[in-house]
Structure formats: structure tokens, C-alpha cells
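Undergrad: In order, the protein sequences belong to chains Z and E.
Note that the working numbering has the first sequence beginning at 31, numbered continuously upward.
Note that the working numbering has the second sequence beginning at 31, numbered continuously upward.
Hints in this document: simulated from the structure, not taken from any laboratory.
Quick reminder that beta carbons are idealized off the backbone N, C-alpha and C, glycines included.
Keep in mind that the hints are not guaranteed to be accurate.
Unchecked claim - Below, simulated SDA-like cross-link-like pairs (lysine to any residue); rule was C-alpha separation at most 20 Å, straight line: (1) Z:K106 with E:K129; (2) Z:K129 with E:D37; (3) Z:K268 with E:S48; (4) Z:K129 with E:K106; (5) E:K268 with Z:K268; (6) Z:K129 with E:S48; (7) E:K106 with Z:A336; (8) E:K106 with Z:S48; (9) E:K106 with Z:E352; (10) E:K129 with Z:K129; (11) Z:K106 with E:E42; (12) Z:K106 with E:K106; (13) E:K129 with Z:N301; (14) E:K129 with Z:R41.
Said to hold, decoys possible - Covered stretches of chain E, as calculated for chain Z (at least 3 residues, CB under 8 Å): (15) 99-107; (16) 176-189; (17) 197-205; (18) 261-271; (19) 316-322.
Said to hold, decoys possible - If you want a taste of the chain Z side facing chain E, the calculated C-beta under 10 Å gives, among others: (20) N85; (21) R145; (22) I344.
Number of protein chains: 2
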Amino acid sequence: MSEFRLDPTTREWVIIASERAKRPRDLMSRAPHPQPEAHLTECPFCPGNEEQTTNETASYPDPATGLWRVRVFENKFPAVSPDGLADRVEDHPLALSVKGVGMHEVVVESALHNRLLGEMEDDEIFDVVRAYRDRLRELHTQHFVRQVIIFKNHGVSAGTSLEHPHSQIVATPVVPRYRRHQYDVAVQHFDERGRNLYLDIVEFELERSVRVIRENTSFVEIHPYASRRPFETWIIPKTQRASFAEVSDEELRQFGGALRDSLHGLLVGLNNPDFNHILYTGALGDENEPHFCWHLRVYPRLTAVAGFEIGSGIHINSSVPEDTAQFMRGVVSSK
Amino acid sequence: MSEFRLDPTTREWVIIASERAKRPRDLMSRAPHPQPEAHLTECPFCPGNEEQTTNETASYPDPATGLWRVRVFENKFPAVSPDGLADRVEDHPLALSVKGVGMHEVVVESALHNRLLGEMEDDEIFDVVRAYRDRLRELHTQHFVRQVIIFKNHGVSAGTSLEHPHSQIVATPVVPRYRRHQYDVAVQHFDERGRNLYLDIVEFELERSVRVIRENTSFVEIHPYASRRPFETWIIPKTQRASFAEVSDEELRQFGGALRDSLHGLLVGLNNPDFNHILYTGALGDENEPHFCWHLRVYPRLTAVAGFEIGSGIHINSSVPEDTAQFMRGVVSSK
């Protein structure tokens with residue numbers, strides 16, 4: 031029989047539909063592996079085509095060559111752009127708007143067209159997550175920014191059309207209601223229990239161990255209790271910081287390794303599935319709050335989101351997180 | 031420049047990204063049209079294969095033949111099932127669960143394998159929406175039911191694998207947090223403004239007219255102010271009822287016609303795109319409340335939901351609802 035489980039970070043139910051359970055092998059992607067070419071002349075993100083992507087905001091060189099290996103610039107087709115003021119306009123009580131003020135950046139993760147995060151060396155992925163943090167710090171100084179969303183779309187079904195590995199950073203002049211809600215849940219937990227919600231989840235999951243994939247000195251990788259999708263994966267730090275902007279270089283190195291290992295597991299275990307990953311970090315001004323804790327979630331796109339999910343907000347997950355975690359531990363140990 | 035707009039029914043922002051705007055023609059589906067065969071021997075929903083779909087709960091005959099033309103039965107692979115009690119189990123403060131108690135039904139919308147809702151005669155679609163209402167009334171009498179979600183997945187990207195036109199009904203033992211939130215927003219509007227939120231939206235949209243596709247005596251069809259996706263469509267009644275269970279046969283006839291016309295517009299104007307539609311109705315016990323109003327939303331699946339949407343709850347809509355409404359009025363008038 032299936033089971034409703036409550037996500038302790040959002041207070042949303044999910045349905046773990048064991049009767050519909052698919053074996054991990056049935057969920058494996060049939061996506062083509064990345065092409066062997068290192069650089070493509072027609073790819074706007076490959077070296078040599080930098081003039082196609084203007085307004086560079088950051089760049090990290092490869093120490094061996096001095097050429098960039100991570101590069102950040104403004105999205106050519108931005109959802110928001112840094113012009114004007116984020117004043118609210120109420121044309122009617124039912125029509126409240128704000129100009130699309132903000133910043134929309136692309137983080138090209140490697141100079142190599144076919145270099146996936148899950149296959150990177152420690153130094154390479156360190157530069158990617160360092161770019162995340164450095165841009166977050168910089169964007170927090172802009173007058174129009176209230177929240178920064180850092181995310182990655184990998185594969186067509188995850189919403190990207192460009193193959194060259196890249197992440198995106200969007201700074202918005204509003205705090206999204208969903209993020210505010212997540213934050214409020216963490217505050218309520220803190221007020222009631224006197225402890226940080228995310229550190230409590232780390233403690234709970236390490237104690238139970240069935241949903242843990244692995245841990246290092248600073249991070250835990252789990253398939254959460256109320257996973258919304260098959261192989262949903264959270265990477266949570268063991269040290270509480272509300273904002274990712276506050277993370278040290280040493281923590282970044284550990285985080286990069288944890289992210290690489292997690293994505294490598296998906297790459298090998300599920301044959302390079304489409305996925306999104308999202309960094310959850312506090313809104314501007316919450317840096318020193320004890321309530322929230324930054325973390326990263328990976329959502330593989332193995333099954334469709336249908337009318338039931340859209341209409342109810344309840345996801346039906348055809349996999350049991352305890353089973354997928356066991357499968358993924360097997361992938362890890364057979365490396 | 032793009033614009034953030036606030037959805038007055040959820041208080042969520044969306045981004046109307048006019049810089050990324052696609053023309054309606056660019057969004058047209060390349061999906062194959064339904065096959066010409068009327069009945070397929072291998073389709074479990076076609077007449078002659080009824081033994082493959084057991085536990086029939088309702089059936090509506092074609093007056094001409096006496097054979098069923100709408101048929102409702104339990105889903106063979108249910109997300110929830112009617113056994114046991116919906117007692118909460120708290121294994122740990124971070125692990126609250128409920129057994130998957132509920133009901134999961136399939137509504138086969140026609141005996142014909144290739145009969146789309148958008149092409150139906152008045153009498154045919156009346157039986158479909160009548161099945162929705164009748165099953166809702168019946169499910170509300172079950173002890174385990176708190177909320178009923180009625181929805182349709184049309185096409186692979188919308189989450190269905192079976193081509194034969196069908197809807198689904200899921201009765202859950204919990205009120206989804208997202209539905210509760212929507213209801214709370216309507217209550218707050220009522221408390222503050224002294225009027226029903228949805229009737230206010232109808233009045234506002236009819237007054238402005240730019241987002242209205244059409245209306246009949248009982249319903250208005252609009253592309254909402256803060257559309258989350260291109261061609262998102264709402265059908266809202268002009269008479270307030272919190273629950274769809276309270277709708278009369280005469281209103282049902284008008285609603286069926288409005289739904290058919292709306293889906294016909296998508297079918298013709300966008301070449302049979304994948305879509306979901308969802309009926310929003312009050313939770314059990316809210317039938318006589320003045321705050322909420324039942325309605326239906328159609329979400330065409332023309333663009334991908336990516337990491338930004340998952341991570342923020344803010345949708346980036348590459349179309350402007352005023353433009354898509356104008357396009358759709360052109361489709362209507364050229365019929």
C-alpha cells in the first residue's frame with residue numbers, strides 16, 4: 031500500500047506509491063552520452079566564441095594554461111535585467127506588478143564542451159562552486175536584489191537547449207513565496223524545538239542511515255524521507271549557515287567533492303539522466319540567522335510531473351527513497 | 031523588459047518574460063494527431079476490453095445505442111486505495127506519515143479511441159463533466175476523504191502513457207497544503223474586501239477584456255493576468271459555489287460547452303498540444319462557504335519547467351497573456 035509522507039522542510043505531503051514502484055533499472059535514462067569533441071565551433075560557450083557571450087562578470091583560469099576554465103556572463107536572453115527600480119505598481123488590487131529588475135547570469139562550468147560536473151577533478155568543480163559563492167556575494171551588494179536562485183538544468187527535459195555544461199544564477203527583487211514558506215517552516219521548527227531543522231534532519235538521517243548515500247567531514251548526502259521524485263538527492267552541510275555566501279574555501283572544496291560524487295552516482299547508476307540541481311540559500315539579510323541552513327537538492331527528471339502534481343502540489347513518487355538510497359550505495363561501492 | 035506579476039489567487043509571482051517572447055506559431059505542437067481507428071483491440075479503455083478495467087463505479091450510456099459512452103472505474107495502478115484508516119503515524123518528529131488511503135479512478139471520456147474533448151458534441155461532454163460531479167458527490171460520502179482532485183493528462187509530456195482520452199479522480203485523506211493555501215488566500219480576500227475573490231477576478235477581466243477569450247451566460251474563459259505558462263486558461267463560473275459538487279445539471283451543460291470550446295481552441299490554434307486540466311473545488315466541508323469558488327485551469331505543456339521554477343516556485347512565462355488571448359480570439363472567430 032502506498033504512503034503519504036510529510037516533508038518536514040515544506041510541510042507538504044508526498045505519496046510514496048510503492049504499488050507503482052519501478053526498479054532503478056527501469057528508470058535508467060536512454061539519453062545519449064556527451065559527444066567526444068572537446069570544443070565545438072558552433073557552441074557559443076566553447077573557447078573561441080567568447081564574443082557571442084558578452085558582459086562577463088567573472089572568470090577563473092586553469093593554472094596550467096592561464097586560460098579560463100569557468101566563466102560567468104549575463105544571459106543573452108535574460109528573464110530579468112539590471113535596469114530601473116523594483117517599485118511595486120498596483121494597476122488594480124488584482125494586478126500587482128514589479129519591473130523585471132534583477133540579474134540573470136550563466137556559469138559555464140568548463141572550457142571543455144563534454145566535461146560533466148560528475149566527472150570533474152576536485153580543483154575543477156571547486157572553481158564552479160566558488161563561482162556560485164563569489165557571484166552570490168557580489169549580487170548581495172546590488173540594491174535590487176532580495177533573493178538569489180542558483181540552479182542547473184541538465185538535459186532537454188530539464189529545460190536546457192544548450193549541451194555545453196552550465197549553471198544559471200538569477201537574482202530577483204522579490205523573495206519568492208515558496209522560499210519564504212520554507213524559511214518560515216525552519217523558523218517555526220527552531221522556535222518550537224530550539225534547534226536548527228536541517229541539522230536535526232542530518233542527525234535523524236545519520237542515526238537511521240537507510241536513506242544516507244555517503245558523508246564526508248562536512249556534508250551528508252541523502253535521499254530525503256519525503257522525496258518528491260525518484261532519486262531526489264539532498265546535500266546538507268553539517269555546520270549551520272543560513273547563507274551560502276558565508277561558506278569558506280575549505281567548506282567549498284568539501285562541497286564540490288560531495289556534489290561531484292553525487293552527480294557521478296547518477297551519471298553511472300542511471301546512465302546520465304536529465305536533472306536539475308538547486309542551491310537553497312537564505313534571502314538577503316538572513317545571513318546570520320540560526321533558523322535556516324543552506325543546502326543543495328538534485329531532482330532527476332526520470333518521470334513526468336502530471337495534472338495531479340500541478341493541481342495539488344502533492345507529488346506521486348514511484349520509488350521508495352530507502353530503496354533508491356540502497357541502490358545508489360551499491361553504485362558507490364562498485365566504483 | 032520583463033515583468034513580475036502577482037497571482038491574486040496564490041500570491042505567487044510569475045515572470046512575464048517579454049524579451050524571451052515566442053510567437054504563438056513557434057509554440058505549436060508537432061504532436062501527431064489522434065489515429066483514425068475508432069476502436070483498438072489492444073487498448074484497455076476501448077469497448078470490448080472492459081474485463082481489463084475492473085471495479086466500475088459509474089457508467090453513462092449513449093442514448094442511441096444503450097452502450098456506455100463514459101465509464102468510470104478504479105485505476106489499475108492506484109496511487110491510493112480504499113483500505114484502512116487515515117490515522118497519522120509519527121515515527122519521529124521528522125517522519126510523519128499516513129497510509130495511502132483514498133480512491134483513484136479513471137474516467138474514460140468516450141467509447142471512441144480517437145474522440146477528443148475539444149471535438150465533442152454538447153451531449154457527449156455533458157456526460158464527462160457529469161461524471162466528474164457525480165463521482166465527487168459520491169466520494170464526499172466516504173469516511174476517508176478530505177479532498178478530491180479531478181484532472182486530465184493529455185499527451186506524453188503531460189504525464190499520460192495511454193492515448194485513449196481519459197481523466198482521473200483522486201480522493202485523498204489529507205487536504206494538500208497548496209489547496210489550503212489557495213483557500214486561505216480567498217478567505218483573506220473575502221475578509222478584507224468583503225467580496226468573493228473569483229467573482230472579483232471575473233468582473234475585473236470582463237471590464238478590461240484584453241485577457242478574455244469568450245464568455246457564455248454562466249462562464250468566462252480567460253488567460254489569467256499572472257499566467258504561469260503560455261496559454262494557461264481559466265474557466266470561471268459567474269455564480270459563486272465553493273464546491274463543484276453543488277453544480278446543477280443546467281450549469282454543467284454550460285460548463286461542458288465552455289470546456290469543449292476552450293480545448294477546441296487549443297486543438298485548432300496550437301495543433302493538439304499536450305496539456306493538463308485541473309478542476310479546483312473546495313475541500314469536504316467547505317460546500318456552503320462564500321470564500322472560494324470552484325473553477326478549472328488548463329495548463330498546455332508548450333515549454334519545460336526548469337530548475338528556476340522548481341527552486342523558486344516562480345514560473346518564467348515566455349508569452350504575454352494579453353497576446354495569447356488575442357491570438358486565441360482570432361482562432362475562435364475564424365472557426
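Undergrad: Now tell me, hint by hint, if it's right for this structure.
TA: The hints, checked one at a time:
For the suggested pair K106 of chain Z and K129 of chain E, the alpha carbons sit about 48 Å apart, so the restraint of at most 20 Å is broken. Under the criterion of a C-alpha separation no larger than 20 Å, the hint pairing K129 of chain Z with D37 of chain E is consistent with the structure, at around 15 Å. Distance check on the hinted pair: K268 of chain Z and S48 of chain E sit about 42 Å apart at the alpha-carbon level, beyond 20 Å; violated. Annotation: proposed proximity of K129 of chain Z to K106 of chain E is violated, straight-line Cα distance about 48 Å (limit 20 Å).
Between K268 of chain E and K268 of chain Z the CA atoms are separated by roughly 54 Å; this puts the pair beyond 20 Å, and the hint is violated. A threshold of 20 Å between alpha carbons decides the hint, and for K129 of chain Z with S48 of chain E the separation of about 11 Å falls inside it, so the pair holds. Restraint check for K106 of chain E and A336 of chain Z: the C-alpha separation of about 17 Å stays at or below 20 Å, so the hint holds. Restraint check: the Cα-Cα separation between K106 of chain E and S48 of chain Z comes to about 14 Å, which is no more than 20 Å; the hinted pair holds.
The straight-line distance between the Cα atoms of K106 of chain E and E352 of chain Z is roughly 25 Å, outside the 20 Å bound, and the hint therefore fails. Only pairs whose Cα atoms come within 20 Å are accepted, and K129 of chain E paired with K129 of chain Z is rejected, the gap being roughly 46 Å. Distance hint between K106 of chain Z and E42 of chain E is unfulfilled; the C-alpha atoms sit about 26 Å from each other, more than 20 Å. In summary, the hint linking K106 of chain Z to K106 of chain E is not supported, as the alpha carbons are separated by about 48 Å, beyond the 20 Å threshold.
As the CA atoms of K129 of chain E and N301 of chain Z are separated by approximately 33 Å, the hinted pair breaks the 20 Å bound. In summary, the hint linking K129 of chain E to R41 of chain Z is supported, as the alpha carbons are separated by about 17 Å, within the 20 Å threshold. Remark: the stretch 99-107 of chain E is not confirmed as covered by chain Z, as 1 of its residues place a Cβ nearer than 8 Å to a Cβ of that chain, below the required three. For the stretch 176-189 of chain E, the proposed coverage by chain Z is satisfied: 9 residues have a C-beta within less than 8 Å of a C-beta in that chain, meeting the threshold of three.
By the rule of at least three residues with a Cβ nearer than 8 Å to a Cβ of chain Z, the coverage given for the stretch 197-205 of chain E holds, with 5 such residues. For the stretch 261-271 of chain E, the assignment as covered by chain Z is violated, since 0 residues bring a beta-carbon within under 8 Å of that chain's beta-carbons and 3 are needed. Remark: the stretch 316-322 of chain E is not confirmed as covered by chain Z, as 0 of its residues place a Cβ nearer than 8 Å to a Cβ of that chain, below the required three. A cut of 10 Å between beta carbons decides the hint on N85 of chain Z: the least distance to chain E is about 15 Å, and the hint is violated.
The criterion of a C-beta within 10 Å of any C-beta in chain E is not met by R145 of chain Z, whose closest approach is roughly 19 Å, and the hint is violated. Against a cut-off of 10 Å between C-beta atoms, the interface hint on I344 of chain Z holds, since the closest Cβ of chain E lies about 5 Å away.
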